[in-house]
Structure formats: structure tokens, C-alpha cells
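J.: Going line by line, the protein sequences match chains A and B.
Those letters in the first sequence? Residues 1 to 560, by the working numbering.
Those letters in the second sequence? Residues 1 to 168, by the working numbering.
Just so you know, not all the hints are guaranteed correct.
[Said to hold, decoys possible] Covered stretches of chain B, as calculated for chain A (at least 3 residues, CB under 8 Å):
#, segment
1, 27-37
2, 61-74
3, 78-86
[Said to hold, decoys possible] One side of the interface only, derived from the structure: several residues of chain A facing chain B at Cβ under 8 Å:
#, residue
4, Val118
5, Gly119
6, Asn122
7, Pro123
8, Tyr127
9, Ile179
10, Lys180
11, Gly181
12, Tyr182
13, Thr305
14, Gly308
15, Lys309
Everything labelled a hint here was simulated from the structure, so no lab data went into it.
Yeah, the Cβ is synthetic: ideal placement off N, Cα and C, and Gly gets one too.
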Amino acid sequence: MTNMSGADAIIHGLKAEGVSVMFGIPGGATMPLYDSLKDSGIRHILARHEQSAAHMADGFARASGKVGVCSGTSGPGATNLLTGIATAYLDSYPVVAITGQVARPFLATDAFQEVDTVGIFNPVVKYSFQPLTAAEIPMAIKSAFYIASTGRTGPVLVDVPKDVQMESADMDFSGKVDIKGYNPYIVPDSMDVERAAEMLLAAERPVILLGGGAIKANITPTVLAMAELLMVPVASTLMGKGAIPEDHFLSTGPVGMHGTYHANTLIMESDLVVNIGGRFSDRTTMKVDEFTKERKMIQMDIDPTEAGKNIKNAHFIIGDLSTSVGMLYEAVKRRVSSRKETPWYRKMKELKSEYDGKVFQNDGPFSSPHIVKKIRELLPADAIVTTDVGQVQMWGELFYKVLKPRTYLTSGGLGTMGFGLPAALGAKVAKPDVPVVVLAGDGSFAMTNNSLATSIMEKIPVVVCIFNNSNLGMISQWQRVVYGGRYSASWLGESPNFSKLAQSYGAEGIRVNSMDDFEKSFKEALGREVTTVIDLEISPSENVYPFVPSGNSLKEMLTK
Amino acid sequence: MTGGKADEERARVFSLLVANKPGVLFRITSLFRRKNFNIESVSVGEHIKEDESRIVIGLMADDAMANIFERLLRKQIDVYEVRQMDISRAALRELALVRVRLVEGNGVGYLHQLCSIFDYKVISINRNYATVQAVDVPSRLEEFLAILGESRVKDIARTGITALEEAD
Ligand SMILES: Cc1ncc(C[n+]2csc(CCOP(=O)(O)OP(=O)(O)O)c2C)c(N)n1
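Chain B extracted, bound-state conformation (with noise of 0.2 Å):
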């Protein structure tokens, strides 16, 4: 974790390593409501192991409200690893899909000017709609997001942050 107040909320992101098998997600995002806390995002995956899997959390906590959750998940006896991840030092992205409106004028050729600046990808095209593959850190996605405009984004998919801390 870095620097800041301990008061202070922030983005804090949980990575845990937990059983991959029915009702771990459920117990674990319990813990969550018993403070009536709205995590920001969660992705899941399977692990190196397949029956392990790779859950990241991402909220915005004080540091109090981060150790409850932290002692909760520890608590838990399907979570095997439950780390608070130092954000300075992880590679952090997310996915969206973003189902673009083609309008007559600035249609395909600016939304692949746009897409090469990002170093996003369109991955399927039609008359009306394009829809573009995006892998980020959170705030650039937005940032495409509202230079596109709202008028022209028609769907969108995140799948919330994924996040693995940086080897030494």
C-alpha cells in the first residue's frame, strides 16, 4: 500500500487466491455487504491450478474499513491468500468491449484514428456498429470513453480491474 492518510478513502485492490468451487464467490462477496460496502469492480479467474482461483477486488476504503475486510476474507476458509495490493507496483488493466455508433462523416476513420492512438482494437464491423476491444488501466478507458461521447457508445462491457503485483 502507498502513502496517504489513514483516513482517507482510496482505490485499494484485494487480491486473493481462494477454492475455485461453488459458493466461494458468494461467501466472500457477503463479507462485503455485512458493512453495506459496494465493491467497484470484481474479476475471477481460474488460477495456475484449476482448483484454485484468482479473485481481484477493487473498492474505495479508508484504511479501518480495507482491515475489516482484509481480517473478514482471512477469516474465510476457502480463501487461501489475501493480499492488499500496492497499486504503484502492480500491472493493473481492464477489459471493456465498447459497441461503437457509426455516424455519416466522422464514422469508421475516426473511431480508427482514435482506436490506433489507444492501442485499441476494433474487432467486429458492420453498417451501423463497430465494436472495439479495449485493455486498460481504468482511467484511459474513461478517457476514450468521454472523447467519444456519449451519444456514440451504444453498449459497453467492463470486466473491472485485474491486477498481479510486480515480481521482484
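If we strip away everything but chain A, and leave its shape as in the complex, we get (with noise of 0.2 Å):
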């Protein structure tokens, strides 16, 4: 037992979890935590907005497999937090975010930055913690982290009233986390197993999807090894991306709403669909009847509460993916010796000599399905790529072959607009010595480029390239195509000069509107020790296809 202020115990048990980084905006009420975080050896980063310091706390957990903290003050830094923490929850990905709140005698007052912080972070932390007492501390954050980092991960609240950081107590550092009722730990049913294998050699026409759970149980080797023995073509959800290399042979890439033409193709002439980590979302398996219709599914999975959420018929098989996986790998292997290529194989090739890569609306050379492609060229496997939302996303989706797990970051569950900086600058803090771009929308950047401050001020450089068609482009693509070309506040305009923008920060801009051009600058940023901005002249016209609108089967995919 150590005698300390609530405010050191928070620092304490962040150091014995540790976190060596933490990102957030300080305030009235986390002013004793910031107290005692000067000179504690936990690097701050100081985001320009929370939002960003949450993207950041995010984007680190994405890049790295650890747990990400962020932190703002009571009310609004709690409020700016929000979106940040939602994205996190919707992708399933470990941050710990750590509020001030209003001293005891105030909460419930309306006083000054009080707003029920755990009450409105409910629906989008897997828990939150409100230590009332200074000595409730070191197993509150003991218990985020555990609850954070396990099962299936994602974002904790902690949320500690001022006069708790100030108050001292004699702290137990010592206690075992156990939290009854939260047992992350579930094993795979061996029969379950069993019936899964014999169901996948059963099968003539196999699909193996991919879900973001794939990514975080590091599986990628089994799931190789098992695809390749049994030459089943390997799909992924847009958050599964790059479980595989997305250039090996089995690879078809992601499916779903903006899925390759292949994968979309081939999933829906399968007879079954092994999804691995996934959570058959609505934007991955579009029109779900047709989705499920005529094909058996095996669904694997941590979560316990996704047996039967939007796929009724799968044959469930609970538990981490990494005992699961290995545990099905194993039955085939037993099985199995070894397997010829089948037709279904072949009708794969065919089909990914066909339409792999293929760019179904051509707007030129120095158009975005170009762009990504170059990026993914001149930059080495491991280097990571985030992205903003809208088209930007989805040319990234269709075009950048993710190579390694953990270096695509992008926000599918939320598709939060902005999240591709802040997430980049995380990401770049975890992986120092890999190249970081950002494939940035003009109206998603616009939301947080107030973090090119923090990536100057603490020197973490990134390469953003913003694909500029000065719209909301993935509206306007939505009312050219689905709205008979009546545009609705989409215009964007040409409002800032990004490049400019990006200069008065300190960090390097350029325009450009050649693909010589951005080969150049885009090298030369790769090479820098600053921030790079490219601002990317693009067409407002391209459209991104192959594109699923909402109601269709992943078979009735719009390719012009």
C-alpha cells in the first residue's frame, strides 16, 4: 500500500498496464491528472480537438494490437470524445478513455462542464467505470484495461469527479481483476469443430470470409494454411482487409457493398461461406435473404451474442479465433492430405484474371483507382495506410492491396468522416519506423486537419494525400447514380487551399494534377521528417465501382 492522490494511483496503474502514450486535451477537471502526468514518463500528446485524440488513442490500438489511451476534461472534452469512442466500439478496437468529471458535491448539479458522462458514453464503451472513492483506482483501471484488451475489444470509460484525483489514499496496487459475470475466455466446442470440417470438405464451392476479428486474433498463418490445403478462395469483410495478403493467390479481396467484382461474384455462387471474425454486417452481406439463401454458413466468432444476430442459419462455433482456427485447421488437416485444384478454384482464377484491379469507370490516367494503385506501389508492405470516409475509402477498399494485418485502418462499423489524420498520427506513434499516408477525402479532412498541429508539435510525420473533388463525393456519386443527378449539398467548393493550409501549420503542401507530379511529391514525402499534405486535383465526376446501392444482392452490383 502506497499513500498517493487519485490523480497519481490514475498514472501509477496506466505505468503497471504499460501505456507509454496517451492523447488527449487537458481541462478544468483533469487538472490534477495532468499534474501528476508531467514528469511521469508517459509521453502526452496533445490533440487540437478530442475527437482527434480519440481517432489517435484508436489508430494507435489499430496499428499496434495494444490498448490506446485518450483523454479530455468533463462536458465538452468528455462530448468531443464521443465520436472517437463510438468508432472505436462499431470496429471492435481496445481504447481506454480517461474523463475528468465535476467533484462529487457537483455531480447532478448542472455545474459548470457537468454532463452525465457515463451515461451518454453507455451505449458505445463495453464498460465504464465512475470511482467514487480515490482508493476505488487502481483496480478501476486495472479492470478497463482487462475488459478492454479481452474478449472481444473495445473502447472502456473511466471517468474520475476532480476531488477523486485529489483525494489521497493508501492504493492497492496488488488486487487480481476479476469481474464477475465477464468471462472472456470461452473454449471452442471441439463437436462444433468437428461438424464445421466435415461441412468444409462437404462443400464444393467455399468461401472464406474474413472478418476484422481475423485481423486482431492473429491467425493469418492458420487461415493461409488451411485455404491453401483445401484451395478454398479467401474473401474479407472491408475490416478484415489484409488478414491475408491481399496478393496471394487465394486472395479475392474485400465483398460487400464496394466489394471486388470476384469476391462479390464468387461469394454469391458459393455453396458455403466460412466467416471468420465477421459480424455479416449489413454493408458486407447487402440484401440478406439473397445473402443466405442456397449457401450454408459457418459463422466463427468470440463474441457469443453474434450467433444468430443478422444471420440466422450459420452453424456457430464460439471462442477466440485463434483456438478456433487452429482447432478447425487441425480437422481438415486430419481429413485431408492434400487437394487438387477443384473447378471452383479454377472458376476463382478466372474470374480474378478478369476483374482484379480492373477499373470499371476509367477517368484517366491521373484518376483515384490510378492514384491508390501507385500508392500501394511505391510503398513497401508494411508501411500503413488510413483512411477518411466516403469514395476515398472505397477506391482504397477496391484498389490498395493491404499486404500485412494491422496496416489498413480505416472506420468501417461508424464510417466517421475525419478519423483518417488522427488515426494516421496513432498509428505512426506505435510504428515509428513504417510510413504512414492517409488517403484523406477534401470534406472528411476538413473535420480534424487541426491535428497537422500535433503531428508538427510532436513530430510525427505522416503523408496525407487528399483525393480533392471538392464535393462530399461520395454523396454526389449517391445523387448522380441513385438520385437522378439532383445535388444536394454536396458542392464542397474549393474553399480551402489545402496545400496552403497545410504550410501555415509547418507542415509541407503541394497541389497536384499529374501522376508524374504526385510520383514525385508523393517520394519525396516518403523521404521527408515533416508532415506532407498533397493535395490531389480529381475529377468531381469519378464514381467508385463496382457499388452495391442498398437493397440489392451483392449479385446486382452497378459497374457503370
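Both chains are sitting in their own frames, so use the hints and assemble them into the complex.
T.: Right, here's the structure in full:
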């Protein structure tokens, strides 16, 4: 037992969890915390908006597999964090958010900067803590990290009233986390696995579908070995992109609203889908009756409540994927030693040779699909790409081949514009030695570009490629394709001048409108110790294809 | 659960075992909010161990909706156990306190008779009002109130149903 203040206990607890960096903005209700933070050895990265602080922590978590930590003060600090925390929640990434709260006597009095943070965050966190005595802090911090990082990972809130931060207590850091009702370690049922192996071997046209869980569980080698043994095509969801290298001969790339033509076609012709760590989201399955019709489903997930959520008829295997997929591979191996090319495999090969990387709407050499391909060409395999939301995200989904897990960070579940830059900064902090590139939209970038200040001040160099179409491009695409060309509030105009904006922050800024210029400035940017913003002047009339409009089945792709 | 078509709304009773601490009821009821759903009744009380509570929730729902709630409830860390009760195999009761206006003519005597038929109890009385304690299944309680008539009921406090499944 050591006597210390609540704020010191928070810092002590963070260090005990191995935290080396925290993203945030201080305020009245976190003054004690920030006082303890100073000289603590934990690096604090000052954001310019708490939403960005949360995205940074999230990007850090996505790139590293560790828990990201962010902080905001009570009231507006907390509400600003919310979007970033919801983003992490919907993609199930572990973030611990520490918020200040008004002092205990002021709770529920509409005191200055008081909101019911726990209440507001409730639906978008895995759990929350509000220690009301300083002595509760060590266990709250420990439990927060434990819950965030185990089972289906996700964000956890710790809301600490200011006077609790200031209160001294004898702190016990030796306690073991024991949360009744929370058992994240569920052993897969071997009978379920055997049955799945039989289904898999009985199938003539199976597809393995990798979701975000497949990345979190580090199962790339097992999945590859199993797929190669059976010669099964491997697709992914947007969140599972990169769970196996997308240049692998069995990879089809993502399925879904903006999946590849061959992946969507194959999955709709399959007779079995083995979904590993995906939740059959509406953006993946599209019209769900069609998706489930005439094919069997196996669903492997760590979260038991996923069973029957979006798809009723799946054979469900619960448990940590690293265990369950390992078991499945063993069960498959026992039944087959080698397998030849099947007609199904040949079908995949044919489709792939026709559609892999195919640009359905070609807007010339300096258009988004070609730029994205160029970026891939110029980046090493372990480079990290983050994206904003909109067309640019879908160009990335379709044309950027991810070669390693945790190198393609995108807000899939919440679709949060402005995720790209702050997430990139978090990722770069986690992986300082690899290049980090943002596929930014001009609309999205405008939401969080103040993070450039963080990037300069904290010396976190990234390369931002703004696909500047002077539009909320995805909105204008829908209006063009689905709403008969009635553009409504999708034109952004030509303000600001992004290269000048970047320069005013102290970053490099350049505007380009040809592939040669782009290639040159991109290469220079990669070699630079400071963030570069490349403003790419692209056509406002580009469309992302293929595109499955809502209500359609995956078969009904628009390609023009 | 008993019979009925899957897409038919019917009375459901969820019995939960949860952590007995602040915020838990809020987390649980906010799950129903997500579907903009009206819970008919909730009763909460300490369970055998004092760090646990039993929550009994009554609602009308079809199978799909009931399954959504069951899944959302199971996802909660503070919810230790979720059961959709088989109503036909459960002891199911509600407590109501009814303040009855005494009127001249058929006042105390009438009320007393009625209560003895229903097996309810008059627990306090003065010149103008009597308070009746009723422990019953909701349908019989409704019947009691109907017989009494709206004009004679001055006030009422109902706990909502609580329930315990029969043990084998
Ligand atoms: C915070 C937020 N607000 C609104 C939306 C709706 N939305 C989805 S895509 C999009 C347009 C994005 O424009 P931009 O960032 O320029 O990317 P582009 O589609 O042009 O590539 C909008 C407004 C969103 N996803 N997130």
C-alpha cells in the first residue's frame, strides 16, 4: 500500500499497464491528472480536438494491437471524445478513455462543464467506471484495461471526479482483476469444430470470409495454411482487409457494398461461407435473404452474442479465433492430406484474372483508382494506410492491396469522416519506423485537419493524400447514380487551399494534377521528416464501381 | 417459452440475475430504448447474495424482438444470467396497494366481502379511505379493479410482476 493522490494512482495504474503514450486535451476537471502526468514518463500527445485524440488512441490500438489511451476534461471534452470512442466501439478496438468529471458534491447539479458522461457513453463503450473514492482507482484502471483488451475488444470509459483525483488514499495495486459475469475465455466446442470441418469438406464451392476479428486474433498463418490445403478462395470484409495478404493467389479482396466484382460474384455462387471473425454486417451481406439463400454458413466468433444476430442459419463456433481456427485446421488436416485444383478454384482464377484491379469507370491516368494503385506500388509492404470515409475509402478498399494485418486502418462500422489523419498519427506513434499514409477526402480532412498542428509539434510525420474532388464525393455519387443527378449540399467548393493550409501549420503542402507530379512529390514526402499534405486535384465526376446500392443483393452490382 | 406463432406478440417475462450496483438498471433499460420499446413492468430486488439483484421484466414482444433483447442483455457484463421464463411453469405475482374511496351504503362491508373473495387484505382504514393490499396475477387484479369501479379507486401503486420458475 502506498499513499498517493487519485491522480497519481491513475498514472501509476497506466504505467503498470505498460502505457507509454496518451492522447488528449486537459481541462478544469483533469488539472490534477495532468499535474501528475507531467514528469511521469508517459508521453502526452496534445490533440486539437478530443475527437481526434480518441481517433489517435484508436489508430494506435489498431496499428499496435495494444490498448490506446485518450483523455478529455468533463463536459465538452467528454462529448468531443464521443465520436472517436463510438468509432472504436463499432470496429471493436481497445481504447481506454479517461475523462475528468466535476467534483462529487457537484454531480447532478448542472455544474460548470457537467454532463452525465457515463450515461452519454453507455451505448458505445464495453463498460464504464466512475470511481467515487480514490481508493477505487487502482482496480478501476486495471479492470478497464482488462475489459478493453480481452474477449471482443472495445473501448472502456473511466470517469473520475476532480475531487477524487485530488483525494489521497492508501492504494493497493496488487489486486487481481475478477469481474463477475465477465468470462472472455470461452473454449470452442470440439464437436462444433468437427461438424464445421465436415461441412467444409463436403462443400463444393466454399469461401472463407475474414472479418476484423481475424486481424485481431493473429491467425494469418493458420488461415493461409488451411486455405491452401483446400484451395479455397479467401475473401474479407472491409474490416478484415489484410487479414491475409491480398496479393495471395487465393485472395479475392473484400466483399460487400464496394467489394470487388470477383469476390461478390464468388460468394454469391458459393455453397458454403466460413465467416471467421466477421459479423455479417449489412454492408457486407447487402440483401441478407439473398446472401443466405442456397448456401450454408459457418460463423466463428469470440462474441457469443453474435450467434443468430444478423444471420439465423449459421453453424456457430464460439471462442477465441486463434484457438477455434487452429482446431478447425487440425480437424481439416486429419481428413485431407492434399487437394488438387478444383473446378471452383479454376472459376476463381478465371474471375480474378478478369476482374482483379479492374477499373470500371476510367477517368484517365490521373484518377483515383490509378493513384491508389500507384501509392501501393510506392509503399513498402509494412507501410500503414489509414482512410477517411467516402469514395476515397472505397477506392482504397478496391484498389489498395493490403499485404499485412494491421496496416489498413479504416472506420468501417461507424464510417467516421475525419478518422484518417488522427488515426494515422496514432499509428505512426505506435510504428514510428514505417511510413504512414492517409487516403483523405477533402470533406473528411476538413473535419480533423487541426491534427496537423499535433503532427508538427509532436514531430509525427505522415503523408496525407487528399483526393480533392471539391465534393462530398460519396454523396454526390449517390445523387448522380441513385437520385437522378439532383445534387443537394454535396458541393464543397474550392476552399480551403489545402497546400497553403498545410504550410501554415508548418507542414509541407503541394498541389498536384498529374501522375508524374504525384509520384515525385509522394516519394519526396516519404523521405521527409515532416508531414506532407499532397492535394490531388481529381475530377468531381468520378464514381466508385462496383457499387451495390442498398436493397440490392451482392449479385446486383452497378458497374457503370 | 410456450406455443404461439413466432411473429406473434405475446407476454414475455425475462428474469435476470445482475450485479447489485449503481448504473446497472440504467444499462439494462437503455437496451430497450434502442428499439424504442416500452417495458410493461420491471421489478428489482436483492437476490440471495447481497451483491446480486433479481430483475424481472415483463413485456409484449414477438420472438424476433425477444431474441434481440435476450442477446443485448447477455452482452452486458453486469448481467450474470438471462432467462426467458416459461410463463406456464412460473409462479408469477404482482403486488398492488389500492386506495379505495369509502362511500355510504356499500362502504366497508362491501369492500371487506370483495377482499375476502379475492383473498386481499385491508391494511389500513379511516373514515374516507381504505388501503387494500393485493398480491395476485395481473389478470385477477385487473378484474378486482373493474368490479370496484374507477370512481372508487383513489390511487394505486403496482410493483409490476415478479416471477420465479418452478423448480423440477
Ligand atoms: C461525420 C460524418 N458526417 C457525415 C457522413 C456522411 N458521409 C459519408 S461519405 C461523405 C462524403 C465524404 O466526402 P469526402 O471526405 O470529400 O470524401 P469523398 O467521398 O469525396 O472521397 C459524407 C458526408 C459521415 N460518414 N461522417
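J.: Look at each hint and say if it fits the structure.
T.: Each hint, compared with the structure:
no.	hint	in the structure
1	27-37	holds (count 3)
2	61-74	holds (count 4)
3	78-86	holds (count 3)
4	Val118	7 Å, holds
5	Gly119	7 Å, holds
6	Asn122	6 Å, holds
7	Pro123	7 Å, holds
8	Tyr127	5 Å, holds
9	Ile179	7 Å, holds
10	Lys180	7 Å, holds
11	Gly181	4 Å, holds
12	Tyr182	5 Å, holds
13	Thr305	5 Å, holds
14	Gly308	7 Å, holds
15	Lys309	6 Å, holds
The structure is consistent with each of the numbered hints, conforming to all of them.
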